[in-house]
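Chains as they are written, first to last, in the working numbering: chain A, 1 to 284; chain B, 1 to 335.
If you are wondering where the hints come from, they were derived from the structure by calculation, not from laboratory data. Among the clues, some could well be false.
Stated by the list, open to error - Chain B side only, calculated, beta carbon under 10 Å to chain A, not exhaustive:
| no. | residue |
| --- | --- |
| 1 | Leu62 |
| 2 | Ser193 |
| 3 | Gly268 |
As the list claims (entries may be wrong) - Pairs of lysine to any residue, SDA-like flavour, derived with a Cα cap of 25 Å:
| no. | chain 1 | residue 1 | chain 2 | residue 2 |
| --- | --- | --- | --- | --- |
| 4 | B | Lys126 | B | Gln6 |
| 5 | A | Lys94 | B | Gln248 |
| 6 | B | Lys262 | A | Gly89 |
| 7 | B | Lys50 | B | Ser286 |
| 8 | A | Lys94 | B | Ala245 |
| 9 | A | Lys41 | A | Thr107 |
| 10 | A | Lys91 | B | Gln66 |
If you're wondering where the values come from, they're calculated on a predicted model, not measured in any experiment. Where is the CB? At the ideal position from N, CA and C, for every residue including glycine.
The chain contents come next:
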Amino acid sequence: MAKAAADGNARTWSDVRPQRRASIPEGMWVRCSSCSKMVYKRHLEANLHVCPECSFHNRIGAAERVKQLADTGTFQEMFANLTPTDPLGFKDLKGYKDRLLAEQIKTGRVDAVKAGTCFIKGRATMLCCLDLTFMMGSMGSVVGEVVTRSIEHATRDSLPLVIVSCSGGARMQEAGLSLMQMAKTSAALARYDDAGGLFISVLTDPTTGGVTASFAMLGDVILAEPDALIGFAGPRVIAQTIRQELPEGFQRSEFLQKSGLVDRVVPRAQLRNELARLIDFAGK
Amino acid sequence: MSAYYQLDFEKPVVALEREIEALETRLKAEGEQSTNGHRLRAEIDEHRRKRDAALREAYGTLTAWQTVRVARHPNRPQTRDYIALMCRDFVELSGDRRFGDDPAIVTGFARIGPMKVMLVGHQKGKQTSEKVACNFGCAHPEGYRKALAKMQLAAKFGVPIVTLVDTPGAYPGLGAEQRGQAEAIAVNMLEMSRLRTPIVSIVIGEGGSGGALGIAVADSVAMLSNSWYSVISPEGCAAILWKEANEQTNTAAAKALKLTAKDNLELGIIDEVIPEPVGGAHRDPSGTAQSLQQWVLSRLHDLRGKPLDELLEVRYQRYRRMGVYLEQAAPVPSR
Ligand SMILES: [Zn+2]
């Protein structure tokens, strides 16, 4: 879509950009954080927030993810009445209560997850998406509970389950309770597995820590967006531990695929199709 | 005795222990029946009383951060010590049949009292060479896979499982990531939740995050009174949330994380605290092993009588109820 090839000479979007720029109002351009080229915002949005120049997959929130994956108008949100609290009275440089409030005001979200039923190209699906904009998509009690209820709902209604992960890991401010969400979600997936459910786990940039080390790596099929950071430990922690620089591409989707940990690396534009195809193979 | 690794809050205790040692040497030289013998004996007893009081005082008021340091005491008994102290027979089993054998997790059939069990535990290592081989108790994926393979073997024969948790965390390294550290831990939690045999688990030292939980999904979970269990180490938490790990921020982080045995009991994460002898497990390993053994046997005795379906349902519910959140009457609108 970004490539124009009017006279046989393939031109890139940036070739035509300067002529067009005058007709587009200021603030409508964004600089790609990967290739540094200026991209027209509306084109970026229409391209699912993937840079038309370099295919860099920008991070997106849960609402946008749902919009991209679900058939228009079919998403029925569930469990949206669960809200976080501060069970430990956790206080670092800032109290967890204040932090939650600030994040809620900043994002307009209650916590870092959005779940519900929908259709994906006509296939009824239980869809659950983490939201990186809220406290780095970290998993505390609410995220763990919503993921678990989603799994249980998919089990009861024999629905295929799609969880799109992006997370910094377990939420430190709920400490041991966050840790237990790893066991809770994994145990729920064991029952879903016993019931013959299909779980497709979609890993997006970044998926690390306690989310990777629980439901995210438990998919019957595991898909990953291109070049997403996926790992147990963060790259900085690993570099500090082994006292050497990490190899190029380490902990990226393609590396995980080569290592045998991810089934397919799927560009965002093909994700809906891929999900529908896989759901059909599992016969659900 | 004087070889004790000195924790700052133990200083008065260690000073008294040195004096006791000196007095005992003198008593030995002069003899119990000598003119000074009676006086020296009385003095030693008095010092011992003082030391016990000092120990009780120091250990009665440990901060969370001090507890973490006791949990890491180099003389603290580890899995292999407890195996030697409480197992009548131990048949060690190695390897994950996939990649290799990870000495950071020890597995094998064992007899504890009248019970046959599968014992699985982290091993940090004591001498330098063992510590290095064990990566200081930080297991690799093959360690978690070995643990699961042996637990599944136990389940096949209805042998109950006992796990001893003692790790700063799963190893963060190149090979560990490449071989699927996260997947190994996740699969263990999933499979442990449906293993058809009783599982009991005890945090004996450090319960560092997913690396601990990867062998700690169980029907009943206990902690030794000076162990810690949380989602991250105090230093890791301090480095991220306080931007720097030092004595002061580690102390604050340890407190905030509610990582002590008592905290975990109050949060409903564990079922019981097993008290250590006064002055910590490192002062009396066999006394600690006795308490461990008693707890394991009594829990397994209760669990063994249950029908397996009921056992698994109760295990599921044990984790299902974890978490604290509010449930509003109506959905909260969000962007
Ligand atoms: Zn770009």
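- Query: Do the alpha carbons of Lys94(A) and Ala245(B) lie within 25 Å of each other, as the hint requires?
  - Reply: holds, 17 Å
- Query: Lys91(A) and Gln66(B): Cα distance at most 25 Å?
  - Reply: holds, 19 Å
- Minimum Cβ distance from Ser193(B) to chain A below 10 Å? Where the cut-off is 10 Å and the nearest Cβ of chain A is about 4 Å from Ser193(B), the hint holds.
- Query: Holds or violated: is there a CB of chain A closer than 10 Å to the CB of Gly268(B)?
  - Reply: holds, 9 Å
- Item | Restraint check for Lys41(A) with Thr107(A), where alpha carbons must lie at most 25 Å apart | holds, 20 Å
- Task: For the pair we were handed, Lys262(B) and Gly89(A), check the Cα-Cα distance against 25 Å.
- Result: holds, 16 Å
- Message: Check whether the Cα positions of Lys126(B) and Gln6(B) lie no farther apart than 25 Å.
- Response: Since the Cα atoms of Lys126(B) and Gln6(B) sit roughly 17 Å apart, the hinted pair holds (cutoff 25 Å).
- Query: Does Lys50(B) pair with Ser286(B) here, judged by a C-alpha cut-off of 25 Å?
  - Reply: holds, 23 Å
- Evaluation of the interface hint that places Leu62(B) against chain A, nearest CB under 10 Å: violated, 18 Å
- Query: Has the given pair, Lys94(A) with Gln248(B), been kept, meaning a C-alpha gap of at most 25 Å?
  - Reply: holds, 16 Å
The structure is inconsistent with hint 1 alone, although it conforms to all the rest.
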